[in-house]
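Heads up: the protein sequence lines correspond to chains A and B, in order.
Going by my numbering, the first sequence opens with residue 1, and the numbers climb by one from there.
Going by my numbering, the second sequence opens with residue 1, and the numbers climb by one from there.
Careful: at least some of the hints might be erroneous.
Only pairs whose alpha carbons sit at most 25 Å apart, straight line, appear in this in silico BS3-like list of lysine-lysine [claimed, not checked]:
| no. | chain 1 | residue 1 | chain 2 | residue 2 |
| --- | --- | --- | --- | --- |
| 1 | A | K67 | A | K113 |
| 2 | A | K325 | B | K39 |
| 3 | A | K366 | A | K401 |
| 4 | A | K113 | A | K49 |
| 5 | A | K401 | B | K39 |
According to the in silico footprint, chain B covers these stretches of chain A (three or more CB under 8 Å from chain B) [stated by the list, open to error]:
| no. | region |
| --- | --- |
| 6 | 307-321 |
| 7 | 344-350 |
| 8 | 356-367 |
| 9 | 394-402 |
Everything labelled a hint here was simulated from the structure, so no lab data went into it.
For each residue, glycine too, the CB sits at the ideal point set by N, CA and C.
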Amino acid sequence: MTALHHLTLAAAARAIAARELSPVALTQAYLDRISAADDQLHAYVLVAKEEALAAAGAAEAEIAAGKYRGPLHGIPLGVKDIYATAGMRTTCHSRVLLDHVPSEDAQSVRRLKAAGAVVLGKHATHEFAFGGPSHDLPFPAARNPWSLEHTPGGSSSGAGAAVAAGLCAGATGSDTGGSIRSPAGNCGVAGIKPTYGLVSRRGVFPLSHTLDTCGPLAWTSEDCAHLLQGMAGFDPADPASVEVPIPDYASEIRRSARGLRVGVVRHFYAGANGATAETIALIDQALSVWRDLGVSVVDAALPELADYHAVGRAILLSEAYAVHKPHLHRAPELYGQYSRERLRLGALVTAEEYYQAQRYRRVLAKRTIEAMDGLDLLVTANSYGAAERFAEATIFPYFGKPYLSMPFNLTGQPALAICCGFGADGLPRSLQIVGRAFDDATVLRLGHAYEQATPWRGKRPPI
Amino acid sequence: MSTPSEISPEDFAVLCRRLELVLTAEEGERLRAAYVSMKEQLRRIPRPETFFPEPATVYAHPGSKLAAERAR
Numbered sequence: 001m002t003a004l005h006h007l008t009l010a011a012a013a014r015a016i017a018a019r020e021l022s023p024v025a026l027t028q029a030y031l032d033r034i035s036a037a038d039d040q041l042h043a044y045v046l047v048a049k050e051e052a053l054a055a056a057g058a059a060e061a062e063i064a065a066g067k068y069r070g071p072l073h074g075i076p077l078g079v080k081d082i083y084a085t086a087g088m089r090t091t092c093h094s095r096v097l098l099d100h101v102p103s104e105d106a107q108s109v110r111r112l113k114a115a116g117a118v119v120l121g122k123h124a125t126h127e128f129a130f131g132g133p134s135h136d137l138p139f140p141a142a143r144n145p146w147s148l149e150h151t152p153g154g155s156s157s158g159a160g161a162a163v164a165a166g167l168c169a170g171a172t173g174s175d176t177g178g179s180i181r182s183p184a185g186n187c188g189v190a191g192i193k194p195t196y197g198l199v200s201r202r203g204v205f206p207l208s209h210t211l212d213t214c215g216p217l218a219w220t221s222e223d224c225a226h227l228l229q230g231m232a233g234f235d236p237a238d239p240a241s242v243e244v245p246i247p248d249y250a251s252e253i254r255r256s257a258r259g260l261r262v263g264v265v266r267h268f269y270a271g272a273n274g275a276t277a278e279t280i281a282l283i284d285q286a287l288s289v290w291r292d293l294g295v296s297v298v299d300a301a302l303p304e305l306a307d308y309h310a311v312g313r314a315i316l317l318s319e320a321y322a323v324h325k326p327h328l329h330r331a332p333e334l335y336g337q338y339s340r341e342r343l344r345l346g347a348l349v350t351a352e353e354y355y356q357a358q359r360y361r362r363v364l365a366k367r368t369i370e371a372m373d374g375l376d377l378l379v380t381a382n383s384y385g386a387a388e389r390f391a392e393a394t395i396f397p398y399f400g401k402p403y404l405s406m407p408f409n410l411t412g413q414p415a416l417a418i419c420c421g422f423g424a425d426g427l428p429r430s431l432q433i434v435g436r437a438f439d440d441a442t443v444l445r446l447g448h449a450y451e452q453a454t455p456w457r458g459k460r461p462p463i
Numbered sequence: 001m002s003t004p005s006e007i008s009p010e011d012f013a014v015l016c017r018r019l020e021l022v023l024t025a026e027e028g029e030r031l032r033a034a035y036v037s038m039k040e041q042l043r044r045i046p047r048p049e050t051f052f053p054e055p056a057t058v059y060a061h062p063g064s065k066l067a068a069e070r071a072r
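For reference, chain B alone in the conformation it holds in the complex:
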């Protein structure tokens, strides 16, 4: 399968079928364009070059009980 930035309508249709998304042709084309833009956007999120510098933890929101407990 091609990379997101160049995904063909055929490959995208396969991807959508795997995800059980039932789309009209028009919806499929709009979603494909949005998919390409989204993948481009998500590439901004840096990935660590090595394994995570801390053990992979469940995300603790600053306002959550877990975060409050950790802050004690």
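Same shape as in the complex, but just chain A:
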């Protein structure tokens, strides 16, 4: 029998709806699991035990009274510590905001609570979703449940670790250059960077205004669909928010994948200095699985990955420096070394470089869409290989291999990272599924089809 803390969100939701599972019992199971495992993982910077049990009790009473709100009702979640939570400390994992207690929830947290979700606590992150993995911050860095010597990825590091190890049923993350997809991949879970403009960023600490995107991480694509349903929606207070119809994601993903047309962006990861042979083989196996399901798979050609990377770097560094300059100059000692030194690099991007990057971003976005002519989706690698070891982390990781995730922050397209198997080292490997703007449902549908056809969702980390 599956332990309560290892139920998928969807399975727990079905059991709660059928009144076979108590939200209080489920919440207590996660709190027990956090007590047992988080001293090794450091996935949480704050556990809100009393508040969580109170919220679970309220959910239980409502459901008993016949007022079931939907699949998130009574589901325990973790919230990345850059999301404002009313009355609950929100530090961005930084000394700069160590005593910061917001008076209001971030809009997406408000929406999740309105759907009946239970907040277990706040998840570790790279400092301000930027500087990490660091060991000079007020809280320890989250660790990878598949191997404590390896990083869980970032910046949504605690979210990835907690979901994989069963310390929550799902989590909120944010993705500016890959910060949902990197921990999802490293920790062997699913994580979607939704279309830019689909989920409100109000109340989420900014890193780069034209790239920042909020979204969920969970064990499966189906779980992500439920969480995205809760988080998505127009918010006039977020200038990027777009008023579009929100589909029923959970219904959409159950449709057959047969007939979908997928373009494989092989030149991003295959060839010299690309992904490991093991990773390439696992992606090839995934493509075979989809072919067997009736998906059409062809090669697709996009602009060079290094071009997206350079453009994204100029924009992200400039915008992050603009956000932090006053605090950084006033009290640099409050920042961890990685944040402090990375942010200063943004001061050295000229206005001309920033402007040219934004101009060329439009060219790249146009060419990306043109490359999808006749295709529904793109597939490419999510990482070149296994998670890095903590000892391999560097202050400036920007000048080696280009980031595989950055292209879709620039274009604003939805991109889902899913586990596509394991290496000989026992660590997860992952790929990305990318869709057209606001077609997040089809992205999740292809991920769901793959997860249903493969055994990987049955394997949990050893911790």
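Model the placement of chain B on the given structure of chain A, informed by the hints.
The following block gives chain B in isolation, referenced to the frame of chain A:
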């Protein structure tokens, strides 16, 4: 001042002072090395040979309200 790829520690220190960046010697050297690499990377971004082929516009993200309005 020399070009970024060969900027001297002295010129880089001047640049940092102009930007009000207060650095230790070690931080300065690390930042200088990163600066050189970054400038090399940013040279990948093509610059138009002539004036921009369209009026310089505020960037409109594909998901933004502005882009949605333009698409109508």
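Each hint tested on the structure:
Of the supplied pair hints, the one linking K67 (chain A) and K113 (chain A) holds, its CA atoms being roughly 15 Å apart against a limit of 25 Å. Using a Cα cut-off of 25 Å, the hinted pair K325 (chain A) and K39 (chain B) holds, with the two alpha carbons roughly 21 Å apart. For the hint pairing K366 (chain A) with K401 (chain A), the CA-to-CA distance comes to about 24 Å; that is within 25 Å, so the pair holds. Restraint check for K113 (chain A) and K49 (chain A): the C-alpha separation of about 16 Å stays at or below 25 Å, so the hint holds.
Restraint check for K401 (chain A) and K39 (chain B): satisfied, since their Cα atoms lie roughly 16 Å apart, inside the 25 Å limit. Counting residues of the region 307-321 of chain A whose C-beta lies closer than 8 Å to any C-beta of chain B gives 7; at least three are required, and the coverage claim holds. Three residues within the 8 Å Cβ limit are the bar, and the region 344-350 of chain A against chain B gives 5, so the coverage statement holds. For a cut-off of 8 Å, the count of residues in the region 356-367 of chain A with a CB near a CB of chain B stands at 8, and the three-residue condition holds.
Coverage of the region 394-402 of chain A by chain B holds in this model, with 4 residues showing a Cβ closer than 8 Å to a Cβ of that chain against a need of three.
In terms of the numbered hints stated before, the structure departs from none.
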